[in-house]
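Fit chain B with the ligands to the known structure of chain A by using the hints.
One letter stands for each residue in the lines below.
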Amino acid sequence: MIADTGNVKFTTRDVHVFYGAKEAIKGVDLDINNNEVTALIGPSGCGKSTYLRCLNRMNDTVDSARVTGTIELDGVDIYDRSVDVVQLRARVGMVFQKPNPFPKSIYENVAYGPRIHGLATKKSELDEVVETSLRKAGLWNEVNDRLDTQGTALSGGQQQRLCIARAIAVSPEVILMDEPCSALDPIATARVEELIDELRENYAIVIVTHSMQQAARVSQKTAFFHLGDLVEYGDTEDIFTNPREERTRDYITGRFG
Amino acid sequence: MTDTGKTPYFLSERAQKLVRKRYAAERRFRFYGLAMIILALAFLAVLFYTIISQGISGFVVTNIRLPVTFTAEALGVEPGATAEDLKGVSGFKYTKLARRSLNDYLGIPKGDTEDERLSRGLLSNGVDVQLRKILVNDPTLLGSTVEVWLLAHGSVDPFVKGQISRDLPENRRLINDQQMAWLEKLEHDGRVDLRFNSNLFTEGASADPELAGVGVALLGSFFMMVLVVLLALPLGVGAALYLEEFAPKNRFTDLVEVNINNLAAVPSIVFGILGLAVFINYAHLPRSAPIVGGLVLTLMTLPTVIIATRAAIRAVPPSIKEAALGVGASKMQAVFHHVLPLAMPGILTGLIIGLAQAMGETAPLIMVGMVAAVFDFPGSPMDPATALPVQIYIWSGLPERGFVALTSAAIMILLAFLLTMNATAVILRKRFERRW
Ligand SMILES: Nc1ncnc2c1ncn2[C@@H]1O[C@H](COP(=O)(O)OP(=O)(O)OP(=O)(O)O)[C@@H](O)[C@H]1O
Ligand SMILES: [Mg+2]
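Order-wise, the sequence lines are chains A and B. For this note's numbering, add 5 to where a residue sits in the first sequence, where the first one is 1. For this note's numbering, add 81 to where a residue sits in the second sequence, where the first one is 1.
For reference, chain A alone in the conformation it holds in the complex:
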């Protein structure tokens, strides 16, 4: 189940994740390509979030979680002792299911990452990073006149785009998104989907979604998970028009899940 080899960003082999004794991911082999959107779909509890959180080692924050197998970013095992998790997370940004801006100003939200990573030392540099990030996230025109208002005072869709701006402000190479639109209305969702399509040019994007339409709209590759197994992986078009596996067909036609 390994597709294109030319432009691979993440290579994951035989990934198992255990929460205590419970095995949530049961040996997943999957490649994530650069400049593509990879959608992870599957019924609730199948381990999509768990797999996604392996890619920036967010599972480290869960005491009971244990990850085995190899996960390589540009050929380097990210679970190797020599890898600094902070640097890894700067390279692999994350957008969460529920918009979670810091309860600080819009400016501070975006500036926080660059500041702690020392990406911008002068105020003018920082201003520039904030502006370009907000522009890329398609939020600049809506907020440029009130950068010092609280990030939490924005609408849900704006908050989520602010979180995307915050993630891209540290110039990551990969962006992980865990159901980024589940708290948004259709219009805000459309904005974010547009944005994802634009961002694809510069990043590798992995998105978890419960919406088949969304997966079909924004992704180039789709991976279908079921009960901790990767059931099927391939070009989004193939998966949605001509799935090889019965379980995949049943899921995308809405027969279970």
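Taking CB as the label site, the calculated pair distances span:
#, chain 1, residue 1, chain 2, residue 2, range
1, A, V81, B, P422, 33 to 39 Å
2, A, R18, B, M425, 44 to 50 Å
3, B, A392, A, E203, 41 to 47 Å
4, A, E130, B, H365, 54 to 60 Å
5, A, I192, B, P329, 45 to 51 Å
6, B, A328, A, E203, 42 to 48 Å
7, A, K31, B, R95, 52 to 58 Å
8, B, M425, A, S129, 29 to 35 Å
9, A, D82, B, K330, 26 to 32 Å
10, A, G161, B, P422, 21 to 27 Å
11, A, T258, B, A392, 47 to 53 Å
12, B, A328, A, G161, 31 to 37 Å
13, B, L336, A, S87, 31 to 37 Å
Okay, derived cross-link-like pairs now, DSSO-like style, lysine-lysine, Cα gap no bigger than 30 Å in a straight line:
#, chain 1, residue 1, chain 2, residue 2
14, A, K141, A, K128
15, B, K412, A, K109
16, A, K128, B, K412
17, A, K128, A, K109
18, A, K127, B, K412
19, A, K27, B, K412
20, A, K109, B, K511
21, A, K31, B, K330
22, B, K412, A, K103
23, B, K214, B, K177
24, B, K242, B, K214
25, B, K266, B, K174
26, B, K330, A, K103
27, B, K511, A, K103
28, B, K214, B, K168
29, B, K177, B, K191
30, B, K330, A, K27
31, B, K412, B, K330
32, A, K141, A, K127
33, A, K31, B, K412
34, B, K168, B, K191
35, B, K511, B, K412
36, B, K214, B, K266
37, B, K412, A, K141
38, B, K191, B, K174
Simulated from the structure, these hints should not be mistaken for laboratory data. Please read these numbers as outputs of a predicted model, since none were measured by experiment. Where a beta carbon is used, it is the ideal one built from N, C-alpha and C, also for glycine.
Just chain B with the ligands now, kept in the frame of chain A:
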């Protein structure tokens, strides 16, 4: 409503009865709640009434206005003496000056030993300090006669305030008929008045109620509170942060957690015994000193601060921390940049409540010897001092009428501090309340 059994259930007799019962139960519950609150408020009102009605008289003290002539020869100084010279004059000479003016006013001739002895009983032992202060402030008064308000003796005060009846037989009064006659003459001439009792705030312990104050106790309490803040805040917050965010979850940390909760419930006197054993007997820190009291109170306050801090940290949504970690903040950065600032109002609230507890604590301070009568202000936390609640405890055991009023007055001062602190906690919580 037919008897064909078609009545819908909710209209049936049974259902109606249930509804009535439900309403009655609700009414009863509301009534009980209201009654409890009224009862509690009534107790509070009675408490405040007793304390305030007794304490208010402690804030004023009887003064007698007398024309005092500051003669250079009576003070044993050259005319035109400097403030420095006047400061050096012995208190006894000032006292004699005050007595002379009283005797002159009452028409008691020099050498009339019995009357002279009796008239002394009208003036406080602290008049020398008063006169010296007046003269040192303005040395040009030397040689002139000035109308001065002088403190009356503590045995006079309750009669002026009407706390003890003047009709009592002479042998049951602290002042005899002659002294009473003088007092009434002075009152008749408008020379007796109740004036603000500044000694209450500026003086330390004294055997005379009109000269006693909570000054030393306030300073002692202040030293201890500063110590508690300086120690309990960093230690408590550090411990809580470590336990909540960094410590591995295992048997050992569970044990620590259980014990912290237990510590919060340990009677305060036990901390006093601990302080006595460790800080005084083992570490040889000075007895009766605010440093020891402060350390003991810190131990007592720590569990409160730790528990409040942990609760405050837990109340911060984990999504905030995840967001920080997600952009590549280290755990420490995430905690110190985001979690801690958001938890700060809760932490400060806990600290203030802990401080208020510590401020009102008596038993452990008695154990470490802060119950001594301290006359001089402590220059540092290493010098002997008392604390406000301990001062209240000491005064409450004294028989003189004057100290009864002082006890209540000191309680009022303590309550004022506690209310202010608690109000601050409430305001902090309101002001910084955040929505996510
Ligand atoms: N912190 C945790 N501790 C223990 N078990 C967990 C934890 N997080 C997830 N799990 C379990 O791991 C399995 C996979 O969970 P995961 O959150 O990855 O599912 P998901 O596919 O993202 O589901 P959803 O679509 O509902 O978000 C589930 O059975 C879940 O109960
Ligand atoms: Mg999930």
